[in-house]
Structures are given as C-alpha cells and as structure tokens.
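Trainee: One letter stands for each residue in the lines below.
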Amino acid sequence: MKLLFGLLKYAAAILLTIVFVFPLVFMVMASLKPDYNLLQDVGSIRSFLPVGPISLQNYQGVFDRVPFLRFLFNSLFVATTTTVLGLLVNSMLGFALAVMKWRGKNVVFAMIISTLILPFEVIAIPLLYLMAKLPWISFDGGLHLTQGMFNSYQVQILPFIANAIGIFLFMQYFKTLPKELEESARIDGASWFRIYARIAMPLAGPAIGTVSILTFLPMMNSYLWPIMTIQDESYRPVMVGLQYFYVNWGTAWGQIMAYLTLLTVPVVILFLFMQRFFVGSIAAVGVKG
Amino acid sequence: MNRTWRFSLPVAAVTLGLTLPLLATPAQAAGSQTIQLWTHNGGNKQELADVNAVVKAFNASHKQYKVVVKAFPQINYNDAVVAAAASKQLPCLLDSDAPVIPAWAYAGYLAPLNLDPKVVKSINASAKGMWKGKLYSFGMYDAVVGLVTRKSTLAALGLRTPSLAKPWTLAEFNNALAKAKASGKYQYAIDLGTGWDGEWYPYGFSPFLQSFGGDLINRKTYRNADNVLNGGKAVAFGTWFQGLFANGYAPKRTDATMRDNGLVNGSVAFSWNFFNQTQFDALKGDMIVLPPPNLGVKPVVGGGSWQWAMSSSCNAKTGANAFLKFMAQTKYFKMFSDTLSNLPVTAAATKVSKVFGPGTDMNIAAVLSAKYAVIRPPTPAYPVIAKVFEAALKNIINGADVQSELDNAVNQIDQNLQDNHYYGF
Amino acid sequence: MATRMSDARRTLNQSVRIERRSATLLAAPAVLLLTVFTVVPILFALTLGFTNAQLLSPQAPQFVGLTNFSRLLGVGEVTLHAQRDPQGHIVTAPNGDVVYERLNTYTSINSKYPNLRGKEEWFRFGENRQAGTVNVVVAGDPLFWQSLRNTLFFALVVVPVQGGLGLLLALLVNERIRGRNFFRTIYFIPTLTSMVVISMLWGFMYQPSGMFNKVLQHVIPGFQPIDWLNDTRTAMPAIIVLSIWQAVGYHMIIWLGGLQTIPGEIYEAARVDGANKWHEIRYVTLPGLRHTFVFVLITITIAALGLFTQINVLTQGGPLGTTSTLVYQSVLHGYQRQEIGYGSAISFVFFFMVLGIALFQRFITRRIDQ
Chain D
1 MKLLFGLLKY AAAILLTIVF VFPLVFMVMA SLKPDYNLLQ DVGSIRSFLP VGPISLQNYQ
61 GVFDRVPFLR FLFNSLFVAT TTTVLGLLVN SMLGFALAVM KWRGKNVVFA MIISTLILPF
121 EVIAIPLLYL MAKLPWISFD GGLHLTQGMF NSYQVQILPF IANAIGIFLF MQYFKTLPKE
181 LEESARIDGA SWFRIYARIA MPLAGPAIGT VSILTFLPMM NSYLWPIMTI QDESYRPVMV
241 GLQYFYVNWG TAWGQIMAYL TLLTVPVVIL FLFMQRFFVG SIAAVGVKG
Chain Y
1001 MNRTWRFSLP VAAVTLGLTL PLLATPAQAA GSQTIQLWTH NGGNKQELAD VNAVVKAFNA
1061 SHKQYKVVVK AFPQINYNDA VVAAAASKQL PCLLDSDAPV IPAWAYAGYL APLNLDPKVV
1121 KSINASAKGM WKGKLYSFGM YDAVVGLVTR KSTLAALGLR TPSLAKPWTL AEFNNALAKA
1181 KASGKYQYAI DLGTGWDGEW YPYGFSPFLQ SFGGDLINRK TYRNADNVLN GGKAVAFGTW
1241 FQGLFANGYA PKRTDATMRD NGLVNGSVAF SWNFFNQTQF DALKGDMIVL PPPNLGVKPV
1301 VGGGSWQWAM SSSCNAKTGA NAFLKFMAQT KYFKMFSDTL SNLPVTAAAT KVSKVFGPGT
1361 DMNIAAVLSA KYAVIRPPTP AYPVIAKVFE AALKNIINGA DVQSELDNAV NQIDQNLQDN
1421 HYYGF
Chain G
2001 MATRMSDARR TLNQSVRIER RSATLLAAPA VLLLTVFTVV PILFALTLGF TNAQLLSPQA
2061 PQFVGLTNFS RLLGVGEVTL HAQRDPQGHI VTAPNGDVVY ERLNTYTSIN SKYPNLRGKE
2121 EWFRFGENRQ AGTVNVVVAG DPLFWQSLRN TLFFALVVVP VQGGLGLLLA LLVNERIRGR
2181 NFFRTIYFIP TLTSMVVISM LWGFMYQPSG MFNKVLQHVI PGFQPIDWLN DTRTAMPAII
2241 VLSIWQAVGY HMIIWLGGLQ TIPGEIYEAA RVDGANKWHE IRYVTLPGLR HTFVFVLITI
2301 TIAALGLFTQ INVLTQGGPL GTTSTLVYQS VLHGYQRQEI GYGSAISFVF FFMVLGIALF
2361 QRFITRRIDQ
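Residue numbers (the numbering used here), protein chains in the order written: chain D, 1 to 289; chain Y, 1001 to 1425; chain G, 2001 to 2370.
Fair warning: there could be bad hints in the mix.
Stated by the list, open to error - Below 30 Å or equal to it, Euclidean Cα-Cα: the simulated DSS-like pairs (lysine-lysine) are:
hint: 1; chain 1: G; residue 1: Lys2277; chain 2: Y; residue 2: Lys1181
hint: 2; chain 1: Y; residue 1: Lys1351; chain 2: D; residue 2: Lys133
hint: 3; chain 1: Y; residue 1: Lys1325; chain 2: Y; residue 2: Lys1371
hint: 4; chain 1: D; residue 1: Lys133; chain 2: Y; residue 2: Lys1284
hint: 5; chain 1: Y; residue 1: Lys1220; chain 2: G; residue 2: Lys2277
hint: 6; chain 1: G; residue 1: Lys2277; chain 2: Y; residue 2: Lys1179
hint: 7; chain 1: G; residue 1: Lys2277; chain 2: D; residue 2: Lys2
hint: 8; chain 1: Y; residue 1: Lys1118; chain 2: Y; residue 2: Lys1284
hint: 9; chain 1: Y; residue 1: Lys1371; chain 2: Y; residue 2: Lys1066
hint: 10; chain 1: Y; residue 1: Lys1118; chain 2: Y; residue 2: Lys1317
hint: 11; chain 1: Y; residue 1: Lys1134; chain 2: Y; residue 2: Lys1118
hint: 12; chain 1: Y; residue 1: Lys1298; chain 2: Y; residue 2: Lys1132
hint: 13; chain 1: Y; residue 1: Lys1298; chain 2: Y; residue 2: Lys1325
hint: 14; chain 1: Y; residue 1: Lys1284; chain 2: Y; residue 2: Lys1121
hint: 15; chain 1: Y; residue 1: Lys1121; chain 2: D; residue 2: Lys133
hint: 16; chain 1: G; residue 1: Lys2112; chain 2: D; residue 2: Lys9
hint: 17; chain 1: G; residue 1: Lys2214; chain 2: Y; residue 2: Lys1185
hint: 18; chain 1: D; residue 1: Lys9; chain 2: G; residue 2: Lys2214
hint: 19; chain 1: Y; residue 1: Lys1354; chain 2: D; residue 2: Lys133
In case anyone wonders, no lab produced these hints; they're calculated from the structure.
These figures come from a predicted structure and were not determined experimentally.
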C-alpha cells in the first residue's frame, strides 16, 4: 500500500514535469529549424524533437538582425540597478512601517495597498506625460537642468524603484523579527538607523532574496514602457528587441525561438543552481504573511 | 539627536543619487544642424540600408544639415510615435502608415511639404498623404494584395481565368470557392489572412465592402457613416462575408502555419494576400495573380503603405524639407522598389524597375494598383474607424447579426465625428 | 516631584520625536518615489475620466462631468414590434424567427429618443410571438458589462483553482521524495518566463493544427479539431488554463513556505493520537496555513482581476467579446482608440471595484487571520 502510494507520487511528479516543460522544449527545438519546417511540425510530436534540417542558422540570424548583446546588457543593467536601489528604499520604508511609530503611517500604508490595484498598463499614459515634463540634471562639463528624460536608462529605472509588493514583503518580514532584539538595541542607545542597518537588514536575507526575484524578473521582461520612452536603439531592452523579428507581415519564427531560447535558458540554468536559496527565501517570506 | 542627523546624510545621498544622472547625456555635436529621422525599419536590414543610403548621400551633399537615423521595430512603431507625439517629443522626419496621416496633420503634429509640383504630380495618388488640399507625406513605395492561386488549380476546378478586362463576378467568385471546397483537396478554399490583427482588417477587407458599393464613411462629406457602412449594400457585403466562414470556405482565424505556408504547401486553393517573387519562384510558373473580383460596383484593392512626413515641431524645417526633396528622385524610388520588391510609385520608376517592369512576374502588382487601388478614407477619424471596423468584422466573422453590428459601428463612428465637431469638415 | 515627572515626560517626548523623525527619513525616499511615479499618475488617470481628453487632439481637454460614466454605465429598454406584411400578418424569417423592426430606429445617434442614442443591444427578453413584440435591453457599452462579467468569471475560477493546485503541488514537493528540489525548480520555471513569451508559445499549441488538437485526435477517435482561441465556448477556458499554468508555481512556493513553518511535533502528536494522513491534513496542515491562505487569496485576486497581457497577445478580446476584460477595454479605448477620457472612466470603475473586493476579502478573512 505504502509502496503504491509512493509510486503514485512519483508518477504524478514526473507527469507534472512534462506538463511544465513542454512549451520550453518546443521553443528550443523550434529554434533549430527553418521557418517552413517549424510551422509544418507544429501539430506533431516532431515539434518536440530535433528532427529535419537542424542548424544553428537562426542563432546566426538573431545576431545578424539585432544587437543582441547590447540589448541584453541594457536589460541586465536596468534590472540590476532597479533591484539594488529598490532593495534599499523599500526595506527602509518596510522597516519604518513594521517597527516604528510615526504620524502618517496609516496613510502611507493605505497608499501602498491602493497602488497594487491598478495594473501598469492603465497608468502608463499619465506617467508618460509626467516623464516628458520632469526635470533632469545632465552633465557635460557643467551641470544643467533639462526637461524630460526619454532615451535613457533612468527613465526605465526611476518609476520602478519604489515597489508596493517589495515594501509590503519587507514590512511583513520585519514584523516577525523578535521584539527583544530591537528593544535591547534601544537600551544600548543604538539609533533607529543603526538598528535598521546592523540588526534588521542582516537578518532579512530571505526577504532580500524574494524581493530581488520579484523585482528583477519583471524588469527583465518589461516591454510596454520602453516602447513608449526609448527611441534610441542603444538604450533598448531585450523584450523590445523581440519585436524586430516581425517585419512587413512576415515573421521570422525560427529566429524568434532562437532569441527566446537565448533569453530563457540562462535564467533557467541560473535558477537551477540557486533554487535552494530562492525557493527557501520566497518560502520564508510567504509563510508569515 | 546627533546620531539621527549623522545617519540622515546617507539617506539624503540616496535620495539625491536617485535624481542624479546614471549616465551623462552626450553633448550635441557642434557645427551642422542635426535632423532626427525615425523609421519603422528596425530588424528589416534591407530597408534600413536603403534609408541609410539616402541619408548618407544627403549628408554628403550638404554642410548645414546632418540627418541622424533612429530605427524602431515595425510592430510597435506606431505606439512609439503616438507616445512621442503625446509627450511632444517628435523628431523632424518620420515615416508613418499612410491612412493615419490626416489624423496627424489635423492634430497639428505635421507640417505640409514643399516639393516641386511636377514631382508631386508624378507620384501615384495612393502614395500621397493629403489633408485640406495640402501634401503632408509621400511614399517611396506602395503595396498591393491580390487573389493568388495556381494555374493548375483553376484548370482542375474548371474555372475561367479572369482577365483585367473581365474580372470574376460575385457569382463566379462564389462558384470558385464552392468548387474548391467540394473538391475536398484543400483544408480551406481560401485564406483571407484573418490571423493578422489591426490594420489588415480595414486594408484587406474594406475593398470587398467598396466593391459591393458600401464604404467606411460617406466620402462626399466625411460627416457621417450612416447609410454607407450600414446601408443595404454594406449589409449585403457583411452577409456574404459572414457566409465565407459559415460555409467553411475560409478559416475564422488563419494560424501561422497556413498563413505563411498555405499557398505553397497546398492547404488552400486561393489566398487574398500580399505576394512576392519568392512565391512565384517556389511555384515554378504555376502561380497566378488574379484581379480582384467585381462584387457589384467595381473591383477594388487597397492602397497606401509607409510614407514620409515632417513634424511641425521641427526646428530645422528647411533642412528636413530639403531631405524629402532629395529623397523624391527616380533613382531612389527605383532603389526602394528593386531592393525590397515593393511597388514603385511613379511611372518613371516602374518603367525602369527590375522587379515590376513590363514583362516581369510582378508587373501584375503595378497594374492592379494603378487600375483598382482605393485609399482608406483620408479623415482624422480614420484611427477610430479602423478599430471600430475591425471589431465589427471580427464579430461578423464569428456569427453576429450583420445589420446590428454595422449599426453599432456606424453609431460609434458618427458619435466620434460629432464629439470632434466633424474634424472641421 | 512635579519637575521629575515633566523631566520624564520630556525624555519620553524626545524619544518619540526622534522615532518620528527617524521614521520620516527612512520612509522618505520610497514615499517620494511612489508618490511621483505611481500615486500622481493614478490620480491623473482617475481625473481624466471626467474629461473628454483625446490622446492626439488639437483641442484642450474639457471637463465633461459624468458624461463618460453615463455612456459607460447607461442602460435603457426598448420594445420592438414585428414587421408586418400588407395584410397585417407578422413577417417571419425562413427559420421561423419573427422579423422585428430595426433597433437602430431608436438607437441611432440622431434618434428621437435622447436617452437611447448610441446605445447597443445587450440582451432580449419576453418575446411575445402572438403580439409580435420583444423587449430589448440596450446599454451605452454592452462590451463593458460583458468584460466585467468575464473579468469576474476569470477571477472566480482562477483564484480557487490556482490557489488549490498550488497547494496540491506544494504538498507533493514537500513529501520526502527523491529529487524534490528538481521538481520544485521545474514547476517554478513558467513563472521565470515572461507572459508575452508564454502566450506566444501557447498560441502555437492552441492552433487548429496544433499540439492539443493532435493529441486529442489520437486519444478520441473522430475528434474534430477545435480552434481553441477562436471559439466562443473555449476561448476563455483556454486563457484560464494557460494563466494557471504560468502562475501556479509561484503559489506553490508560497504554500511551501507556509508548510515548512508548521512544527514537526504537531504532526507527531497527531500521529500518536492515531490520526491518518487525511486527518493530519485536515486538522494540522490546513489550520497551520491560515496566514498563508490570506496572502495567496489577495495576491491571486488582484492579479486575476488585472488580466491583460494574454488577452492582448492572443485574442484581443474576441471572439464576440468572450475574452474581453476591463483592463483590456481601458487600454483599447485609452490608447489604441486614443479616447483617453473614456478609457480613464473604465479605469476609475475598475479601481474602485478591485478596492471594494480587496476590502471585502480582508474583512471576511480577518477572523481567519487572527
């Protein structure tokens, strides 16, 4: 009986593995085929196998068509910067909300919750108006103010640093830290900033891990906003690069699949190596919600 | 107290750091005046090379101006331009899909062009963007769709080969589709490209509506769509169009496999679509492009492709206009056509075109465009009309009541016209 | 005595002041950024709903009060009469349906009835074939009501199914089976991939000539291929399946976290008391997960109500509006049709609806959470 149950569990786990990876297998296999074969194979088991005229030509086509490494660098730069700055400001606010008493706390909390409600698509246009008007300090020998910040890294970073989910998760996590730690520090005369920097943050590993993933991934996948604000190819991110493969009613399917493979496979491999840490940290934060 | 303020320094630094530049904006090059040019050719190597070739030649011929190219992927180009216009960031020169030009001109984003009248006259009507009698844009090429099939298909189904002088009638077209379906040899009788969204719907299907005698808007006044888009002829079109899907002649939504491979792999008998030399070559002399059928009033195909325009916010209009003047030369019209297999837009360029010249396979495209092309209505309401028409047609394809769908479309369009005080018409 | 008390109060006051000032400084960067880049645009978006703003228009936006809202939410009713032949008999179509007069006589934008102008048929009821009448309910924007229903339906299915499947997956990979870390990673992979990419890949699978139809044809003899995304009966379910597939791994991880906080001793105690597997889950696991439950419930609900990307890539709201959602309508009007005033009115209604639902959920889960 017990053995049967164990086998059932295994069968379920393996079946689910197939369910969760098959589109990705299709993607990788399709990236190796010419468009005609790719489309003809769609309806059969062939689409999951490396059969037919297999080559790396689509990959060559990708590098031929778009400055892939430039796009990748831009995305990595934007996502990393946003994540790092976001960890700092969101944890500071999360800390203030979780352990300190101050006026306006409830207002700020309500504000954070209500910003979770409207999807970004809905506020994109008002935000666009705003970004066209905001001043920016530029430096070319001397400092001077310019209006608007399109075509830059900052336009892709600034709006996404403060992040309601990040603040919320940090707040929840800091609430679970033992009160005694903070109290004894207070008695020792430590300032609030010291408690935040030396006690709270060093213990916030799981929250940092979780918020990092939840900021980094959507930033790597951002798409609508850069289309609206980036006219200069040298600042464009990878998901906008995907659009280069649809040309004049014709679509380079094989190259699209190659491009997606180049984007997805490294992330998956990275995650395989770091999964113990990531799964553990998301779990640790999700728990205490 | 002290500690608070000591620690507040890093906090202030962080806040400031967020507002300081992450990378310095590069300084403007001194000397010549820079003119920005936006184009939809990101990812389309050949067309971008053509644009760059013209820009390079222009820059070499002048000292005062330097045109700088920024390329965008086509599929989202319009979004980028709308966003730029809404935030007043348009470049001096830009290309744009033809039917939206009047909307842009009306909204004050474009400046009229000043070209040699003889050159203007030589460009086909479908490649010119006019608003209030002024020229706001022109295309370096045009595009055209055709009813594409194989000679062997016509023979096997026992169908008359229609000629330019005598295109198929509605009855003949229906008969051809019925026979193709009855033969059982094809998955579908015809592919109408229904898998494409957006502009394809008005571009590809309003010609059928016009061939029946209806239209998207009353072109005499441009003040209403009532009785034109929902009158008897429009309803006849809608009912016939719905029947193509209800009878199983055409897929409601062509999937990528059929759309890109259908004609060559033989899963469809006919295709209402763009066509190119590659297909002619793949079918080795068997391919034939038929004239559009006459469904009532006259045979119609769509016209108008990408066109070049100048923004009103441009601070170097003289230079921008000079560039467009420079581009409107036969050698460049020919270059865009030869390298891209796109339809030339002047008689002079057609005559010397390698792909479309007399005697070539693709010459039929030039003939169809010259003889039958109707542009989409030149009104600032067009972007709304296009979306409303697309939505109505998709509902009709899926079996909605034709009369009430067209009535709704008319009401939405007429409401928009009224709200905008008929756009000055 | 009195001096010492006020001294103490002063010290206390000072520490409160320091706490407040420190908190303000800690909160400032995020609050500032959030205000400028999220709150202001949201307020801006909500205000535009009361204007006739167009994205590209030479005319400056004007305040139009509730016009957009009355167009969006307005409903009315019309009784249609059957057409009659010269002898006065009711005209019927070949299929036996009664042929009625044209609704547009009442609803055209120049009609005699101002409150019906521009309205469209929503649904019919109460047909009387003898009298030759039928009642038609018309609405300013029937697609809005349809989108509202679709959005709520999507959330109603996705919230329990995705939450429940997530929990089942978590229970499975929480078992001591070999390679459970591998399985956890695999189930999490779709979450790592962008929704745009996933929608494209699934678009291929859902094609009439695609994978799903081919598999079903092998399993069920004589199965007719279904155009999954273009059939009014299957389009929304198809979107639901792919949405759950993408996000379930994320909630699996959240549940897993919850499971790992339940101390092992409680399970042992239960086993000592003779509990079987089911009793363990029912009396130990589920009660131990109540905090996680609230988190999962609210995050899935908000995400589900904001459904947009899959729709935009795969169906554009079709066929016949069966996959249209509120956010999709808002973007369609505000951006693609450039009627940003009207699009913002939709956002306005959406915002308060989601806020209401979230507060209601918070209210009913408060008891579980305590």
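Trainee: Hint by hint, note whether the structure agrees.
Mentor: Evaluation of the provided hints:
Using a Cα cut-off of 30 Å, the hinted pair lysine 2277(G) and lysine 1181(Y) is violated, with the two alpha carbons roughly 60 Å apart. The suggested pairing of lysine 1351(Y) with lysine 133(D) is violated, with an alpha-carbon distance near 51 Å, which exceeds 30 Å. Distance hint between lysine 1325(Y) and lysine 1371(Y) is fulfilled; the C-alpha atoms sit about 27 Å from each other, no more than 30 Å. Under the criterion of a C-alpha separation no larger than 30 Å, the hint pairing lysine 133(D) with lysine 1284(Y) is inconsistent with the structure, at around 58 Å.
Taking the CA atoms of lysine 1220(Y) and lysine 2277(G), the gap is near 79 Å; set against the 30 Å cutoff, the hint is violated. A C-alpha spacing of about 65 Å is found between lysine 2277(G) and lysine 1179(Y), which places the hinted pair above 30 Å, so the restraint is violated. Restraint check for lysine 2277(G) and lysine 2(D): satisfied, since their Cα atoms lie roughly 12 Å apart, inside the 30 Å limit. A hinted pair counts as satisfied when its Cα atoms are at most 30 Å apart, and lysine 1118(Y) with lysine 1284(Y) does not qualify at roughly 41 Å.
As the CA atoms of lysine 1371(Y) and lysine 1066(Y) are separated by approximately 40 Å, the hinted pair breaks the 30 Å bound. Simply put, lysine 1118(Y) and lysine 1317(Y) have alpha-carbon atoms about 21 Å apart, close enough for the 30 Å limit, and the pair holds. The straight-line distance between the Cα atoms of lysine 1134(Y) and lysine 1118(Y) is roughly 15 Å, inside the 30 Å bound, and the hint therefore holds. Between lysine 1298(Y) and lysine 1132(Y), the direct Cα distance comes to roughly 27 Å. Compliance with the 30 Å bound is thereby established for this hinted pair.
Taking the CA atoms of lysine 1298(Y) and lysine 1325(Y), the gap is near 36 Å; set against the 30 Å cutoff, the hint is violated. Taken as a hint, the lysine 1284(Y) and lysine 1121(Y) pair is broken in the structure, with Cα atoms around 38 Å apart against an allowance of 30 Å. Between lysine 1121(Y) and lysine 133(D) the CA atoms are separated by roughly 42 Å; this puts the pair beyond 30 Å, and the hint is violated. Simply put, lysine 2112(G) and lysine 9(D) have alpha-carbon atoms about 69 Å apart, too far for the 30 Å limit, and the pair is violated.
The suggested pairing of lysine 2214(G) with lysine 1185(Y) holds, with an alpha-carbon distance near 20 Å, which does not exceed 30 Å. Restraint check for lysine 9(D) and lysine 2214(G): the C-alpha separation of about 28 Å stays at or below 30 Å, so the hint holds. At most 30 Å may separate the alpha-carbon atoms for a hinted pair to count; lysine 1354(Y) and lysine 133(D) exceed this at roughly 50 Å.
Of the numbered hints given earlier, the model fails hints 1, 2, 4, 5, 6, 8, 9, 13, 14, 15, 16 and 19; all others are met.
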